[in-house]
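Fit chain R to the given chain U structure using the hints.
Given next are the chains, with one letter for each unit.
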Amino acid sequence: MYLVTKNPIDLTAVLREVSHPSAGGIALFVGTTRDENEGRRVERLEYEAYDDMALAEMRAIGDAMKRRWGLLAVAMVHRIGVVPIADASVAVAVAAPHRDEAFAACRFGIDTLKAQVPIWKKEFYADGSRWIGACAVHEHRDEGA
Amino acid sequence: MKLRVLFFAYLRERCGHEVVIDADDGASVGDVWALLRRRYPALDEVTVRFAVNRVYVDKAHPLQDNDELALIPPVSGGT
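Chain order of the listed sequences is U and R.
144 is the number that numbering that gives the first Met the number 0 gives the last residue of the first sequence; the numbers go up by one with no jumps.
78 is the number that numbering that gives the first Met the number 0 gives the last residue of the second sequence; the numbers go up by one with no jumps.
No lab work stands behind these hints, which were simulated from the structure alone.
Careful: at least some of the hints might be erroneous.
Sample of chain R residues at the chain U side, in silico, Cβ under 7 Å [said to hold, decoys possible]:
1) 7
2) 8
3) 33
4) 34
5) 47
6) 49
7) 50
8) 53
9) 75
10) 76
11) 77
12) 78
The beta carbon of each residue, even a glycine, is placed where N, CA and C say it ideally should be.
Bound conformation, chain R alone:
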């Protein structure tokens, strides 16, 4: 299945804003996170939350074809 992966803030500066990747059918967020970490050394030792289709999810969340997976570094909006 194809997934759109989005990066923000310092992750965007290191990995680019967006990439489309192939993942095995039935893969979970955690599976894809492991795959991304192999591909991007910049993701080592970073703390992120995950969002699928603009909703926070945990690593066990099952992904579907054409999902939008966002890696959310610690947020710092406000002041």
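One chain only, chain U, in its complex shape:
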């Protein structure tokens, strides 16, 4: 299951997607949106994706994880649009015969997703907004702030 969605992530559905009779364990990483970044209070977050490519990249990462760790199933879901503080923005779940493989693969999955998948986060503050990943010149400050 690979999904980019504007809706809240259904974690129960993600777990159901990777459940497998030969699995000895499922590892699930849930990334949640934080109200602070580099000392600034974040009021709102928005994510934007290059949807088709994001899905293709997620699938390629998942396939590589299956081969490397002998996984039985992989699921990756990323939410886009406005995501309220403390909600899940991303979920990576893997099912493996044993827990060592499950933990290692899940860690690799979220790390690689963050580095490769074309999705961008914008943080909104009381006095402006900023695309994360961009350098400081792309910060926008509201007039009068």
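Just chain R now, with coordinates in the frame of chain U:
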């Protein structure tokens, strides 16, 4: 040849989401990148990766008619 060029995140805010451009037959990604930088001052001093038809490529990649070229600013998905 005609190319569809896509912009995302802060580049989309400055250049628009999508533009169709004419490029010389046989042009590479690097050739078109130079052309785009002449047209869009906002692309000065930005760091991007390139994707053609939804696959990462390097600047030497040769383009074909109707290719979809995406400029990918540093990604920041996850949390």
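(request) Return the status of the interface hint for residue 34(R): holds when the least beta-carbon distance to chain U is below 7 Å, violated otherwise. (result) It is violated, given that the least Cβ distance between residue 34(R) and chain U is near 21 Å, above 7 Å.
(request) Under 7 Å, Cβ to Cβ, is where residue 53(R) needs to be relative to chain U, so tell me if that hint holds or is violated. (result) Because about 4 Å separates residue 53(R) from the closest Cβ in chain U, which is inside the 7 Å limit, the hint holds.
(request) Verify the interface restraint on residue 78(R): the C-beta must sit less than 7 Å from at least one C-beta of chain U. (result) holds, 3 Å
(message) Interface hint check: residue 7(R), Cβ to nearest Cβ on chain U, cutoff 7 Å. Holds or violated?
(response) Given a least distance of 6 Å, the restraint on residue 7(R) holds.
(request) Please verify that hint: residue 77(R), Cβ, nearest Cβ of chain U, below 7 Å or not. (result) Given a least distance of 4 Å, the restraint on residue 77(R) holds.
(message) Next item in the hint list is residue 49(R). Is there a CB on chain U closer than 7 Å to its CB?
(response) Hint violated; residue 49(R) Cβ to chain U Cβ min 11 Å, cut 7 Å.
(message) Interface hint check: residue 75(R), Cβ to nearest Cβ on chain U, cutoff 7 Å. Holds or violated?
(response) holds, 3 Å
(message) residue 76(R) was flagged as interface toward chain U. Is the shortest Cβ-Cβ separation under 7 Å?
(response) holds, 3 Å
(message) Using the nearest Cβ pair, does residue 33(R) come within less than 7 Å of chain U?
(response) violated, 21 Å
(request) Would you settle whether the hint for residue 8(R) is holds or violated, based on the nearest Cβ-Cβ distance to chain U being less than 7 Å? (result) holds, 4 Å
(message) Please check whether residue 50(R) passes as an interface residue: C-beta within 7 Å of a C-beta belonging to chain U.
(response) Status holds, d = 6 Å.
(message) Hint residue 47(R) vs chain U: min CB-CB distance below 7 Å?
(response) Given a least distance of 11 Å, the restraint on residue 47(R) is violated.
Hints 3, 4, 5 and 6 from the earlier list are contradicted by this structure; the remaining hints agree with it.
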